[in-house]
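> Following the hints, put chains B and C in place on chain A, whose structure we already have.
Sequences listed follow chains A, B and C, in order.
The numbering used here puts the first residue of the first sequence at 185, with every later residue one more than the last.
The numbering used here puts the first residue of the second sequence at 185, with every later residue one more than the last.
The numbering used here puts the first residue of the third sequence at 185, with every later residue one more than the last.
These are calculated hints, taken from the structure and not from any lab test.
The structure displayed is predicted, hence computed values, not measured ones.
One or more of the hints may lead you astray.
[As the list claims (entries may be wrong)] Covered by chain B, per the in silico footprint, the following chain C stretches (three or more residues, Cβ under 8 Å):
id, region
1, 250-258
2, 321-332
[To be verified] Below are the DSS-like pairs computed for lysine-lysine, each with C-alpha atoms no more than 30 Å apart in a straight line:
id, chain 1, residue 1, chain 2, residue 2
3, A, K350, B, K259
4, A, K368, C, K350
5, C, K350, A, K404
By construction, the Cβ of each residue, glycine as well, lies at the ideal position given by its N, Cα and C atoms.
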Amino acid sequence: MEYPWNELTLAFSRTSMFPFFDIAHYLVSVMALKQRPGAVATAWNNPLSSWLSAMLHCFGGGILASILLAEPPLKFLTNHTNILLASSIWYIVFFCPRDLVSHGYSHLPIQLLAAGMKEVTRTWKIVGGITQANSYYKNSWIVMIAVGWARGAGGAIVVACEQLLKGDWKPEGDEWLKMSFPSKVTLLGSIVFTFQHTKHLGISKHDLIFLYTIFLVTIKVTMMMTADSAVTLAPFEDTLTRMLFGRQQQFSLNEKKTEPKTSSNGSASSVSKPATEAPGAAKRHAKKED
Amino acid sequence: MEYPWNELTLAFSRTSMFPFFDIAHYLVSVMALKQRPGAVATAWNNPLSSWLSAMLHCFGGGILASILLAEPPLKFLTNHTNILLASSIWYIVFFCPRDLVSHGYSHLPIQLLAAGMKEVTRTWKIVGGITQANSYYKNSWIVMIAVGWARGAGGAIVVACEQLLKGDWKPEGDEWLKMSFPSKVTLLGSIVFTFQHTKHLGISKHDLIFLYTIFLVTIKVTMMMTADSAVTLAPFEDTLTRMLFGRQQQFSLNEKKTEPKTSSNGSASSVSKPATEAPGAAKRHAKKED
Amino acid sequence: MEYPWNELTLAFSRTSMFPFFDIAHYLVSVMALKQRPGAVATAWNNPLSSWLSAMLHCFGGGILASILLAEPPLKFLTNHTNILLASSIWYIVFFCPRDLVSHGYSHLPIQLLAAGMKEVTRTWKIVGGITQANSYYKNSWIVMIAVGWARGAGGAIVVACEQLLKGDWKPEGDEWLKMSFPSKVTLLGSIVFTFQHTKHLGISKHDLIFLYTIFLVTIKVTMMMTADSAVTLAPFEDTLTRMLFGRQQQFSLNEKKTEPKTSSNGSASSVSKPATEAPGAAKRHAKKED
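The shape of chain A in the complex, shown without the other chains:
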């Protein structure tokens, strides 16, 4: 069984993302842009602005990784083939007669296929980011995790900054408390691939690429079919949190139960701490029961 498995994973790890997987990624990104309020009007009034937004959606992760490593953010514009492909996808999605592409995309099987292929590109981006970071700082694992994460899921940050500058979005304090699910799985993947790179995991790179991609695609398709989000990682997160911070959590939960009426009395410091921690403990307690 070993040789066919090795052949399979090796062949998979050598697959080129161009053109089909890249097309799927650009399609999902541009459709996400189109579904933003006012995006279609922008495309008609200022096509250049709409095209720039589409490029930020498609290449945002690479741009963020470039900024973090002090490479020119414009570097992605040198890959003329991918720019042409992404621009064609943008043009077809926004300006197709009778909006055929959007109507085709509204069918679930098409969305599942495109989303699955986009998740494959996520693995390639994480690996690419780690390799890129390693070329600058050999074996600096924190930098590798950060750049792999940025390249795999950083597009959301670049797009958020663009919306902030345009005035389309006002950041609320609590949005940053909730990391999105793609962000969490990308961080997990980045950590795993970094430890494989530094030889702390006893698994070959192509095997890990294959397994992680299967994991990503399965999770994504399951979530889309069951319309359920962010359930899967909660037990894992809670276990990790208990190990690192758990005992204090229990203590603060007890504090909340024994001091419900004394919040207006007592010293400011001793009262404010349970009052501040209790909502946090309550939220995490509620999250455990999901």
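Below, chains B and C alone, put in the same frame as chain A:
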């Protein structure tokens, strides 16, 4: 006629921007800063903050181009002569006894002369930006257009970011739909000079510099004298838009006429698209009639 | 007296900031983070976000200096020892059973000691920033002043940007008019060390390091013990302002006295200037009397 023309354009292309054209550019930039509400109060209360703003106004395009090419944004501070010149202009404009400079600048002939000379520096910046980009990515025309554009007209973006950080400006969504006129002509110039650089235009660089500068100065002076803005490019923009997106525009315009009362009925997707596109089409239709 | 003095200053300039002075700096920074509203809740709900904020507080100056010199902003993550130390401080401060560290830090002697040691690290950062800038642009004194200043006091800017992106802070226009006291002394130190570096000051580097550090620590401890802020530099600032801008200030003050009722008459330009300058002059007049 050929030899005198060549001599003229060659001599013109070798003109140094320092000191007179640079003085005009710094004067126009600092006067634009002074006319912002609260700028004079800031100059008295916190001269350092006012000086920083003036430097961003004067060197903003070069700073943006440096950021896009991952060069140190502080690089402009190494040119001590230009920094001293710009600082002197700032000092004279804000702290001249009896505000002589502002009163002198309020006369139209002075404004026309300064604005015309500033437009000459715009050409030099575009060419400089393209050369700078070419030194990093040889013959990557998209990068060259972007950097030439940034260097020629990017100061507005840097200044907008500064105002955003200071809280003096809240971005509204629709501001970014309307590209300013300097921005449009700079993009046009950047495209033209890039194609000349990649040998796609059969014209020499010094001839193009001369012709484009004449075009810029004429447009600018005409606009200031007739107090009219952004008329000139509208027919050109409409033709281009018709060629690239025109047919859909007509289609959506028909959609609007045939479905005025049905906007509350029918499926969400088919209704929302004409409703969103119709204002865009209506805006462009209105713009054509200007 | 000369030899013991030289030995003292030389020994002092060769002191390593690691680990005790660095611990003090990280402790003060993380405690400042903890005192922000909602910081403890964030630490429980999203420890990764809290850890990132703590890293920005601890290493913000170096990050800003890296951005200004187009070095990778992630470079600070390569120093694993300091990252581990700062992370340990963060962990202990936020998750110590019974919040022992915060209670210990609430005693004034501990705060004075930590703040004094943090001021020592400020001197090292300014000198490090100037050396860093000199390696890029030899003898460009404006860049050296800027980078020394950024590295010594730039953390506040990085933290403000982070809060802006998170929506925890809306910039008000007048905040930027008032430079904080650490910012002012850091700028002063940066200027002094730059002129020492370019051989314009006839004092050795280790003597200047010693004297400036004594100055910083004395000022900081005095301010904390007397709960008084920003008095010390006001006479110095006023003298400098009088020399550079003083005459106009007097003139505008006279203008205010002679034209109290005519603010609604006369031309817009001549009236608005005294009206705008008078508050500035009045503010500075009031500040002189403090």
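> Now tell me if each hint is right for this structure.
Taking the hints in turn, this is what the structure says about them:
1. 250-258: holds (count 4)
2. 321-332: holds (count 6)
3. K350/A <-> K259/B: Judged against 30 Å, a Cα distance of about 28 Å means the pair holds.
4. K368/A <-> K350/C: holds, 19 Å
5. K350/C <-> K404/A: holds, 28 Å
Checked against the numbered hints above, the structure violates none of them.
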